[in-house]
Amino acid sequence: MAFSLFGTKLGMTRVFGEGGASTPVTVIQVGPCVVTQVRTVENDGYAAVQIGFDDMKPRNATFPVIGHDAKAGCGPKRHHAEFKVAADKMAEFSVGQTLNVDAFKDQKYVDVIGISKGKGFAGTMKRHGFKGMCASHGTERKHRSPGSIGSLCSNRGYGGGLKKGKKMSGHMGAERVTIRSLDVVKVDAEQGIILVKGPVPGPNTGTVMIRNSVRLSRSKNKKMAEAGK
Amino acid sequence: MPKNAVAIIEGINKSVLKTDVPKMSIGDTVNVHFRIIEGEKERVQVFQGVLISRTGRGVNEMLTVRRIVEEMGVERIFPLNSPRVAKYEVVRQGDARRAKLYYLRDRIGKSRRLRDRRRGLKDAAQTTSAA
Chain A
1 MAFSLFGTKL
11 GMTRVFGEGG
21 ASTPVTVIQV
31 GPCVVTQVRT
41 VENDGYAAVQ
51 IGFDDMKPRN
61 ATFPVIGHDA
71 KAGCGPKRHH
81 AEFKVAADKM
91 AEFSVGQTLN
101 VDAFKDQKYV
111 DVIGISKGKG
121 FAGTMKRHGF
131 KGMCASHGTE
141 RKHRSPGSIG
151 SLCSNRGYGG
161 GLKKGKKMSG
171 HMGAERVTIR
181 SLDVVKVDAE
191 QGIILVKGPV
201 PGPNTGTVMI
211 RNSVRLSRSK
221 NKKMAEAGK
Chain B
1 MPKNAVAIIE
11 GINKSVLKTD
21 VPKMSIGDTV
31 NVHFRIIEGE
41 KERVQVFQGV
51 LISRTGRGVN
61 EMLTVRRIVE
71 EMGVERIFPL
81 NSPRVAKYEV
91 VRQGDARRAK
101 LYYLRDRIGK
111 SRRLRDRRRG
121 LKDAAQTTSA
131 A
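Residue numbers (this note's numbering), protein chains in the order written: chain A, 1 to 229; chain B, 1 to 131.
A few of these clues could be false.
[Claimed, not checked] Across the chosen pairs, the derived CB separations fall in these ranges:
(1) A:Gly17 to B:Val6: 18 to 28 Å
(2) A:His128 to B:Arg43: 47 to 57 Å
(3) B:Gln45 to A:Ile115: 45 to 55 Å
(4) B:Glu61 to A:Pro64: 47 to 57 Å
No wet-lab data here; the hints were simulated from the structure. Backbone N, C-alpha and C fix where the C-beta goes; we use that ideal spot for every residue, glycine too.
Full structure from sequences and hints, please.
Structure below.
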């Protein structure tokens, strides 16, 4: 994991850029995240920083969490996460330090990780984008069905069964989703918010994680290369 | 959820929302002064037509303006708050009995004209004269 912080998705709106182009943006309130632990090569075998986010009542927290976060001089936090840090940059972090949206000021692109909205038990059309069946031509009561799932060994399964992972109906959503290479439209340090272009997984009020973009999509990599020239 | 979430988003929208938009009703004939950027030059093109629909709220509000060019109907949809629109003007107030005038698309000739609005204006005139 690269440098990352927790945030809260507030909602979406639109902004107009230069020349009047409209951009859809998601507003995310970032942090404040507290450094709850600094892991070093001597102690832990790797160099990393652990952050905590979102206060919770001590009554609802466990004693280990209360004790752990008390070392950083703060109350118990609901979410914790670690990101690796190069050994020479460890000096920038200390236990108890507060990290906020300023850290993304110079970033052109970020990745956003969230828990997507749950869709319940979904059919193959919604879940995998199957086309379903004909509206007419004699189709009865099977307009959204997946059709044939293959004969006994046609799908290269074992023992006459289907291969594991065959696309079928089932539970959809409510899973961790990473959206890579989102454009940073604006960083407002005063309010602690960041505007990123386009949608972000999860409901409004959901907790998301924002990190420095680790692997840009091809088109954005190209853009960065051109800008570098 | 931070309690000020709505306030934060409204704050962002505030910088986008226009404050100098005149009162435009459905059926009015309006002039939309649209900025066109050609290379380095910028000029203003005026699109005059009947306002047949307003959709969306706040920053997402859209106007649909219909005009007839050489016997062909042309409709343009403008984001109300777009900085590309320099100015709106109401040229004529038309009498419309519904919120969406899509039926004008099926009309030909004189029947696609709207009467001048009289309803409601009389009361407005009285109150202003009384004041």
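Where does the structure disagree with the numbered hints, that is, which hint numbers, in rising order? none
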